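Respectively, the protein sequence lines represent chains A and B. Residue 8 is where the first sequence starts when you use our numbering, and the numbers rise one by one after that. Residue 210 is where the second sequence starts when you use our numbering, and the numbers rise one by one after that.
Calculated from the structure, these hints are not laboratory results. Bear in mind the structure is a predicted one, so any value in this text is a computation, not a measurement. Check each hint, because a few of them may be wrong.
What the hints assert, rightly or not - In silico lysine-lysine, DSSO-like type, Cα no more than 27 Å apart, as pairs:
id : chain 1 : residue 1 : chain 2 : residue 2
1  : B       : Lys446    : A       : Lys100
2  : A       : Lys74     : A       : Lys32
3  : A       : Lys74     : A       : Lys293
4  : A       : Lys287    : A       : Lys265
5  : B       : Lys452    : A       : Lys100
6  : A       : Lys32     : A       : Lys100
7  : B       : Lys446    : A       : Lys74
8  : A       : Lys74     : A       : Lys101
9  : A       : Lys209    : A       : Lys152
10 : A       : Lys101    : A       : Lys215
11 : A       : Lys145    : A       : Lys158
12 : B       : Lys279    : B       : Lys496
13 : A       : Lys101    : B       : Lys336
14 : A       : Lys74     : B       : Lys336
15 : B       : Lys496    : A       : Lys32
16 : B       : Lys496    : B       : Lys340
17 : A       : Lys32     : A       : Lys93
18 : A       : Lys215    : A       : Lys152
19 : A       : Lys101    : A       : Lys87
20 : B       : Lys496    : A       : Lys158
21 : A       : Lys23     : A       : Lys293
22 : A       : Lys74     : B       : Lys340
23 : A       : Lys333    : A       : Lys32
24 : B       : Lys336    : A       : Lys32
25 : B       : Lys452    : B       : Lys340
26 : A       : Lys74     : A       : Lys93
27 : A       : Lys265    : A       : Lys333
28 : A       : Lys93     : B       : Lys336
29 : B       : Lys452    : A       : Lys74
30 : A       : Lys32     : A       : Lys87
31 : B       : Lys279    : A       : Lys100
32 : A       : Lys101    : B       : Lys446
33 : A       : Lys87     : A       : Lys74
34 : A       : Lys32     : A       : Lys265
To be verified - Example chain A residues on the side facing chain B (calculated, C-beta under 7 Å, incomplete):
id : residue
35 : Phe35
36 : Ser63
37 : Lys100
38 : Arg103
39 : Leu118
40 : Asn119
Beta carbons are placed, not taken as given, at the ideal position from N, Cα and C, and that holds for glycine.
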Amino acid sequence: MIELDRLEMTPLLQCKNLVAGYRIKSGFVHAVDDVSFDLDRGGFLGIAGESGCGKSTLAYAIMRLLKDNATIESGSLLFKGADLAKLDEEQMKKIRWVDISMAFQSAMNALNPVLSVGEQLTDAIHAHEEATQSDARKRALEVLKLVDIPKDRFNSYPHQLSGGMKQRVMIAMALILNPELIIMDEPTTALDVVVQRTIIEKIQELRKTLGFSVIFITHDLSLLVEISDTLAIMYAGKIVEYGASESLFNRPLHPYTKGLMNSFPSLTGMIKRMGGIEGKPPDLLKPPEGCRFHPRCPQAIPICRESCPSLEEIADRHSVACFLHKGAEIL
Amino acid sequence: MAYFARKIGLLLFALFVAVTLNFFIPRMMPGDPAQDLIDKMQGIPLESLEAIRAAFGVDSNDPLLVQYGKYLLNLLKGDLGISISRFPTPVWRVLQVAIPWTVGLMGTATIISFFLGTLIGIGVAWKRNTKLASFTVGLFTFVRSFPYFWLGLLLIYFLAFRLPIFPLGNAYTPQLQRGTMEFFFSVLRHAILPALTIVISSMGAWILTMRNNMINVLAEDYITVAEAKGLPLRRIKTLYAAKNAILPSITGFAMSLGFVVGGGLLTEMVFAYPGVGLMLYQAVQSKDYPLMQAIFLFISAAVLVANFIADIAILILDPRVRDGGK
Numbered sequence: 008m009i010e011l012d013r014l015e016m017t018p019l020l021q022c023k024n025l026v027a028g029y030r031i032k033s034g035f036v037h038a039v040d041d042v043s044f045d046l047d048r049g050g051f052l053g054i055a056g057e058s059g060c061g062k063s064t065l066a067y068a069i070m071r072l073l074k075d076n077a078t079i080e081s082g083s084l085l086f087k088g089a090d091l092a093k094l095d096e097e098q099m100k101k102i103r104w105v106d107i108s109m110a111f112q113s114a115m116n117a118l119n120p121v122l123s124v125g126e127q128l129t130d131a132i133h134a135h136e137e138a139t140q141s142d143a144r145k146r147a148l149e150v151l152k153l154v155d156i157p158k159d160r161f162n163s164y165p166h167q168l169s170g171g172m173k174q175r176v177m178i179a180m181a182l183i184l185n186p187e188l189i190i191m192d193e194p195t196t197a198l199d200v201v202v203q204r205t206i207i208e209k210i211q212e213l214r215k216t217l218g219f220s221v222i223f224i225t226h227d228l229s230l231l232v233e234i235s236d237t238l239a240i241m242y243a244g245k246i247v248e249y250g251a252s253e254s255l256f257n258r259p260l261h262p263y264t265k266g267l268m269n270s271f272p273s274l275t276g277m278i279k280r281m282g283g284i285e286g287k288p289p290d291l292l293k294p295p296e297g298c299r300f301h302p303r304c305p306q307a308i309p310i311c312r313e314s315c316p317s318l319e320e321i322a323d324r325h326s327v328a329c330f331l332h333k334g335a336e337i338l
Numbered sequence: 210m211a212y213f214a215r216k217i218g219l220l221l222f223a224l225f226v227a228v229t230l231n232f233f234i235p236r237m238m239p240g241d242p243a244q245d246l247i248d249k250m251q252g253i254p255l256e257s258l259e260a261i262r263a264a265f266g267v268d269s270n271d272p273l274l275v276q277y278g279k280y281l282l283n284l285l286k287g288d289l290g291i292s293i294s295r296f297p298t299p300v301w302r303v304l305q306v307a308i309p310w311t312v313g314l315m316g317t318a319t320i321i322s323f324f325l326g327t328l329i330g331i332g333v334a335w336k337r338n339t340k341l342a343s344f345t346v347g348l349f350t351f352v353r354s355f356p357y358f359w360l361g362l363l364l365i366y367f368l369a370f371r372l373p374i375f376p377l378g379n380a381y382t383p384q385l386q387r388g389t390m391e392f393f394f395s396v397l398r399h400a401i402l403p404a405l406t407i408v409i410s411s412m413g414a415w416i417l418t419m420r421n422n423m424i425n426v427l428a429e430d431y432i433t434v435a436e437a438k439g440l441p442l443r444r445i446k447t448l449y450a451a452k453n454a455i456l457p458s459i460t461g462f463a464m465s466l467g468f469v470v471g472g473g474l475l476t477e478m479v480f481a482y483p484g485v486g487l488m489l490y491q492a493v494q495s496k497d498y499p500l501m502q503a504i505f506l507f508i509s510a511a512v513l514v515a516n517f518i519a520d521i522a523i524l525i526l527d528p529r530v531r532d533g534g535k
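If we strip away everything but chain A, and leave its shape as in the complex, we get:
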């Protein structure tokens, strides 16, 4: 019993000091640089950041689907006692999709245009289990039902579905082996807000009934604040602020987080000027010295140019990597 309790207590996924990126001729692109976070069982972690901040690389690193010149350099990804970063392809194959699956960025391109929906759902089952055709079909129909896709769509081809339906098929596909963790890489970005809303509600509802954990990646912070219980803000390959969603939303500490919060309108709050953040994200091949955000930071102080602040917990379940919040010795 004690063992079981301990198991329940440890996070489902522990990412520790993960460094991943792309080897190119002129050097190493630090797309994910010393990233650490914990994901509890049943938890919903939102990762937000601009395009090119490394959030998708992080997702592909967890799935161990990094392509060609991309690698995990160091760090660990503890998942149920195994370090995903160190497993070989054969071992990873047994975990991928069975324990951790992924809903991809644009379902339009994530479905094979020349295979029927049913075939693309059932082949995942056949790849991992001995199942009869009719068994696999039955299970595929079940997950389709979960995402409100009618039975007769089993034989449809992707082009016959609307954008929202394709995305729901993608989610059904991620659910089909009943994984414990689903990584969602911008699953609603290409959809209009109304469809986006129904998809999000569907995900929340399924999470309640099926109990899987989610890592949700998007550039849309307003969406994340609403749906995730923990938030990580990524900038130039690093997590700059991390903590309970509510705390981050009510009291954003990092100037970058504040900037992001200012760049979307609040539905209920006072009318205010939209802020946005000046400048462009840095070149990850040669990130700036010191804090990576300092060239764009409105509150930068001299030390920001010299050294890089580490992520430190400054309140309960709220960490930030910023010298402004380092305490008295700097201020």
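Once you've looked at the hints, dock chain B against the given chain A.
Chain B in isolation, oriented as in the chain A frame:
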């Protein structure tokens, strides 16, 4: 089904246009085939001229439209006129002898080249980071630039002349009795060098096309999804990658099958192979208009029919086309 009907309609219309152009274009050209023939046979009495003109269907007394009507009617009856160079053999009989050789040789070679090239293309794209793959691609990029006839001459020189393994030309040994096993092997032996010429020089195009298509498809998200799902590599390679990558190749394949009927003109000339290509060359040289016309008609018909078959094949492979939209 609407797609099918539309394609059939289009095919029939295109055939009609081809037939019509085939009638009018030679008639708009200067010169008179009958006059040519008469010049050739010196001393023919003038009365015969009219008779010959009538025989060739170029008697200009009828208005053009009436001639056109007669031409269509004859065509429906399968009457393609009389060959000038092989007077008085009907054109269809001349073609009847040549077509099987060409279709047999060129057709087989084109099909082998397409399937082999496509398979190799899939292979080199799948293993694109290996030395063998880059070597294969490099080799065929190089070989592809050889002209057919030059490669043919090279093969003849080394494998028929210096080392007399294969015959120098022709399609069979004339002394042999047709229908015997011996005759069959003689045909095979005669076909190997020209077929090899065609396969070697055209395969590169299929390899490169398929490789490029495959590499594009392999970068698609659905391939990553398939990998993430842990599907067997075979399934990813065939049903996810190759099935998508082959679609653009099919139209090209159909086109080249269509041109088979025209014969590899140069290949057949180099190997003195008695097919349509060689016949077309002879027809042009001897100003055999009815024969030329018939050959052109067959080429256009073959291209159109091959395209139609390609459309059907794509219909079967690509569900998006089945719905008649994108």
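The hints, checked one at a time:
Restraint check: the Cα-Cα separation between B/Lys446 and A/Lys100 comes to about 17 Å, which is no more than 27 Å; the hinted pair holds. Between A/Lys74 and A/Lys32 the CA atoms are separated by roughly 16 Å; this keeps the pair inside 27 Å, and the hint holds. The hinted pair formed by A/Lys74 and A/Lys293 meets the criterion: a straight-line CA distance of about 22 Å does not exceed 27 Å. With a CA separation close to 16 Å, the supplied pair A/Lys287 and A/Lys265 stays within the 27 Å bound.
Between B/Lys452 and A/Lys100, the direct Cα distance comes to roughly 24 Å. Compliance with the 27 Å bound is thereby established for this hinted pair. The straight-line distance between the Cα atoms of A/Lys32 and A/Lys100 is roughly 30 Å, outside the 27 Å bound, and the hint therefore fails. This hinted pair checks out: B/Lys446 and A/Lys74 have alpha carbons roughly 17 Å apart, not beyond 27 Å. For the hint linking A/Lys74 to A/Lys101, the alpha-carbon distance of about 19 Å falls within 27 Å, and the restraint holds.
With a C-alpha separation of about 12 Å, the suggested pair A/Lys209 and A/Lys152 falls inside the 27 Å cut-off, and the hint holds. Restraint check: the Cα-Cα separation between A/Lys101 and A/Lys215 comes to about 26 Å, which is no more than 27 Å; the hinted pair holds. A C-alpha spacing of about 10 Å is found between A/Lys145 and A/Lys158, which places the hinted pair at or below 27 Å, so the restraint holds. Between B/Lys279 and B/Lys496, the direct Cα distance comes to roughly 22 Å. Compliance with the 27 Å bound is thereby established for this hinted pair.
Taking the CA atoms of A/Lys101 and B/Lys336, the gap is near 24 Å; set against the 27 Å cutoff, the hint holds. Among the hinted pairs, A/Lys74 with B/Lys336 is consistent with the structure: their alpha-carbon atoms are about 14 Å apart, no more than 27 Å. A hinted pair counts as satisfied when its Cα atoms are at most 27 Å apart, and B/Lys496 with A/Lys32 does not qualify at roughly 64 Å. For the suggested pair B/Lys496 and B/Lys340, the alpha carbons sit about 53 Å apart, so the restraint of at most 27 Å is broken.
This hinted pair checks out: A/Lys32 and A/Lys93 have alpha carbons roughly 25 Å apart, not beyond 27 Å. Of the supplied pair hints, the one linking A/Lys215 and A/Lys152 holds, its CA atoms being roughly 16 Å apart against a limit of 27 Å. Restraint check: the Cα-Cα separation between A/Lys101 and A/Lys87 comes to about 13 Å, which is no more than 27 Å; the hinted pair holds. Between B/Lys496 and A/Lys158, the direct Cα distance comes to roughly 67 Å. Violation of the 27 Å bound is thereby established for this hinted pair.
For the suggested pair A/Lys23 and A/Lys293, the alpha carbons sit about 23 Å apart, so the restraint of at most 27 Å is met. Distance hint between A/Lys74 and B/Lys340 is fulfilled; the C-alpha atoms sit about 19 Å from each other, no more than 27 Å. Pair hint A/Lys333 plus A/Lys32 does not hold up; C-alpha atoms about 38 Å apart against a cutoff of 27 Å. Distance restraint check for B/Lys336 and A/Lys32: the Cα-Cα separation of roughly 22 Å lies within the 27 Å cut-off, and the hinted pair is therefore satisfied.
Of the pairs offered as hints, the one joining B/Lys452 and B/Lys340 holds, with about 25 Å between alpha carbons and a cut-off of 27 Å not exceeded. The hinted pair formed by A/Lys74 and A/Lys93 meets the criterion: a straight-line CA distance of about 16 Å does not exceed 27 Å. Between the alpha carbons of A/Lys265 and A/Lys333 the distance comes to roughly 17 Å, so the proposed pair stays at or under 27 Å and holds. A distance of roughly 25 Å separates the Cα atoms of A/Lys93 and B/Lys336; the hinted pair therefore holds under the 27 Å criterion.
A C-alpha spacing of about 22 Å is found between B/Lys452 and A/Lys74, which places the hinted pair at or below 27 Å, so the restraint holds. Only pairs whose Cα atoms come within 27 Å are accepted, and A/Lys32 paired with A/Lys87 is rejected, the gap being roughly 36 Å. Note on B/Lys279 and A/Lys100: the hinted pairing is violated, with a Cα-Cα distance of about 72 Å set against a maximum of 27 Å. Restraint check for A/Lys101 and B/Lys446: satisfied, since their Cα atoms lie roughly 20 Å apart, inside the 27 Å limit.
Between A/Lys87 and A/Lys74 the alpha-carbon distance is near 25 Å, which keeps this suggested pair within the 27 Å criterion. In summary, the hint linking A/Lys32 to A/Lys265 is not supported, as the alpha carbons are separated by about 36 Å, beyond the 27 Å threshold. Hint status for A/Phe35: violated, given a least beta-carbon distance of 20 Å to chain B, over 7 Å. Taking 7 Å as the C-beta contact cut-off toward chain B, the hint placing A/Ser63 at the interface is violated, the least distance being around 11 Å.
A cut of 7 Å between beta carbons decides the hint on A/Lys100: the least distance to chain B is about 5 Å, and the hint holds. Interface hint at A/Arg103: satisfied, since its Cβ lies 6 Å from the closest Cβ of chain B, which is below the 7 Å cut-off. Because the beta carbon of A/Leu118 sits about 6 Å from the nearest beta carbon in chain B, less than 7 Å, this interface hint is met. Using the Cβ-Cβ criterion of 7 Å, the hint placing A/Asn119 at the interface with chain B is satisfied: the shortest such distance is roughly 4 Å.
When the structure is compared with the earlier hints, violations turn up for hints 6, 15, 16, 20, 23, 30, 31, 34, 35, 36 and for no others.
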